[in-house]
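> Listed below are the residues making up each chain.
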Amino acid sequence: MGNILKLSGILFLVAGIAAGTLAFYNAFTKPEIDKLNARLEAEAKQYVLEGMFKPGEMDDLYYEEVDVEVNGRQEKFWKVKKSASHPGYKAFVFLTRQRGFDGIIETMVGTDKNLKINRIKVINHSETPGLGAEVSTVRYGEDEPYFETWFKGKSALRVVVEKDDPSSEDRVQSITGATITTKAICDGINEMALVIDQFRKTTAAPKKILVDPKHVVEVDFSKLREDQEETESAEETDEEEK
Amino acid sequence: MDKMLIVSANPHIRDKSSIAKIMHTVNLSLLPAVFAAYWFFGVRAIFLILVAVVSCVLTEAAIQKFRKIPVTVSDGSAILTGLLLGLNMPGNVPWWIVMLGSFFAIAIGKQAFGGLGFNIFNPALIGRAFMVASWPVEMTSNAFWTQPKTGLSMEAVSSATPLNMVKSALGSDPSLKTVDIIRDAEISYLDLFLGNVSGCVGETSFLALLIGVIILIAFGYVNWRVPVIYVGSVFVLTWIAGYDPVFHILAGGLAIGAFYMATDMVTSPVSNKGNIIFALGLGFLTFAIRIWGGYPEGVSYSILLMNCTVPIINKFTVPKKFGFVQTKKA
Amino acid sequence: MNMTQNLTKGFFKENPVLVLALGLCPALAVTTSITNGLGMGMASTAVLIGSSTLISVIKRFIPSNIRIPIFIVIIASFVTMIDLTLQAFLPELSKSLGLFIPLIVVNCMILGRAEAYASKNSVLKSVVDALGMGIGFTIALVLISAVREFFGTGALYGYPLFQLMGIEGFKGSIMMILPPGGFLTMGLILAFMQWNKQRKEKKKEVK
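Chains as they are written, first to last, in our numbering: chain A, 1 to 242; chain B, 1 to 330; chain C, 1 to 207.
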């Protein structure tokens, strides 16, 4: 009996020391990890907005975060202005998460005010090398993944895989042998774009939006009511600028 | 070593000339299929078959040289692997893929196991499975299948195989009838039987392969039970499940698989009973992959899967020993 | 056995992966590119050196009945620290190695060295042994991943060799960077080593 107590005591002591060390080490690395993640997110945002603002303005952009609940998931998008004091917003940035062939694909998307895609960036995926993983493959001698360039100028609301709608203006080719991956990214973009679109247009607060028969997107607009008015007035001012 | 207890696949005791004789007869019996490949898919088909045969023979010779054992290229088994592999290629596949596939077939599929007679799997199918897993786009996408009779022109017209067509049409609308789909694509049973459809260069012609296998059965080199029961079980199963049975036995690689790959002496069971079980398994797996699976065609995977079961089948179908009386348990 | 032998025995003669067949899970799973293989090898080496040193230092105070849980706690602590370090400073590597970093905990090479060597030998010897084994592990991983990366993508250490030589249109065999390629490469390397060993033994017999 005494022996068991002694052994448990030693084990407890060892585990305690280990836990203490790890807590200390975590406190040391946590801020670094957070800083790094924030930096990566900021870089991704700037990447998808490239070309929409003058190069000098890129670092001062003001991102206004809007949190929404989509299908029970917490999602967010950002309204982008030249600076915090600037009245009108000029672009949207959003992050979509969609189930691909193998795990979740995270895509950062930058669009203009009318939800026309400027650039996309696949941030995270675990698709099959050679097939689905082509979404982030940079061909030798090129600067950006060829897949991402297909999305330039397409409407985020209507972007669709060529196979599903060969006549659409907003069609993108699907990666050979990886239609599921391409489709997942398109669906993800459609879904978030619809949420933003409703938020942009409606004055009433709809409870349900139909993205397509498979995806029912629920947006709780009660949280957004205040933003709504702000946006509308901002939109007007932006119009005046032109 | 308890070598006495091992039941190995035939040939058991044959001298070298006999293996060579069988192999060369099999090779010659494939000539109608090679001719059909040329007739429907043109010079490029012959080129692909030649690449495969030459690569297989060179690989075999090189490995046997390296292992310092007698070079047995003249027995024709490497040529057979090359022929079967070449006949199993889509018409537009790049030649270097065929070369690498042939190398893999012989090096890993055959010589790594110890050479002819020791391989568990059909080497040509190992090569094909390797190629499908490695270059899925080139091996399975519609852009690499050629429309028959366009191979002579420089730019071969690509076209989906009948099985691909049916699979994708049924995928978008399960209520369609197979008969209607192929009628819309202007494919008749006669086209399928003669081989005038898109597909691997040597698999499309049921007729040419049938001629070949009848010769082999006549010589006694092929156990008729395997091809007959394999094709028959696919027919019956697709019929019961409400699909078009004639289409399913004529389309795709069932003919070359059932006639040449499943009947490979080294990788099929020894006894007749074993062969019947083997063929029924093949029929069921092919049916299951074609109807329920993600791939339109399942012949090569069925044969590879059933190849694994051959040792077990052999174990449970050992023929009764001559003069041996089973003692009843008291 | 002198110190040099103690260090170099892990390289080839007692290579943890290729001879002792320890730590096969990471050797098969993460070796899709040399970068990954190298990263995994170095992360494991760091954990191995840390745990072997500490275990060797406190070996007198570890009661033998509960030595395994204590080893595991120590190893897990080092792994967590490495994981956090990679996340903070080498995010790209951390992302591509993913789950396999936390799984270093169950890499039997590390527990194996703790049990078989560090808990019985002096601190200096244990450090040298851990370093040698870690380098051997890294060598094996880099070897496997070089084969797989070359045949799988036509590149080595991220440099597209074929395109640099001006050969267009080559596409690597995807199978080689998928799991079957891992098993295949591993099997072929083991077979080659075995064949080599038998050949040497035969030569000795002849002499």
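These are computed hints drawn from the structure, not numbers from a lab.
A couple of the hints might just be wrong.
Claimed, not checked - Straight-line distance between alpha carbons at most 20 Å, and here's what the computed SDA-like set of lysine to any residue pairs gives:
(1) A:Lys82 / A:Glu64
(2) C:Lys171 / B:Trp96
(3) C:Lys197 / B:Arg67
(4) A:Lys121 / A:Ser136
(5) C:Lys59 / A:Lys121
(6) B:Lys177 / B:Gly294
(7) A:Lys121 / A:Asp170
(8) A:Lys163 / B:Ala160
(9) A:Lys30 / C:Pro102
(10) C:Lys59 / A:Asp170
> Against each hint, give a clear statement of whether it holds in the structure.
Okay, the hints, checked on the actual structure:
1. Between A:Lys82 and A:Glu64, the direct Cα distance comes to roughly 11 Å. Compliance with the 20 Å bound is thereby established for this hinted pair.
2. This hinted pair checks out: C:Lys171 and B:Trp96 have alpha carbons roughly 10 Å apart, not beyond 20 Å.
3. Among the hinted pairs, C:Lys197 with B:Arg67 is consistent with the structure: their alpha-carbon atoms are about 15 Å apart, no more than 20 Å.
4. As the CA atoms of A:Lys121 and A:Ser136 are separated by approximately 8 Å, the hinted pair is consistent with the 20 Å bound.
5. Distance hint between C:Lys59 and A:Lys121 is unfulfilled; the C-alpha atoms sit about 51 Å from each other, more than 20 Å.
6. Distance hint between B:Lys177 and B:Gly294 is fulfilled; the C-alpha atoms sit about 19 Å from each other, no more than 20 Å.
7. The suggested pairing of A:Lys121 with A:Asp170 holds, with an alpha-carbon distance near 18 Å, which does not exceed 20 Å.
8. Restraint check: the Cα-Cα separation between A:Lys163 and B:Ala160 comes to about 15 Å, which is no more than 20 Å; the hinted pair holds.
9. Distance check on the hinted pair: A:Lys30 and C:Pro102 sit about 17 Å apart at the alpha-carbon level, within 20 Å; holds.
10. Straight-line distance between C-alpha atoms of C:Lys59 and A:Asp170 comes to about 67 Å, which puts the hinted pair past the 20 Å bound.
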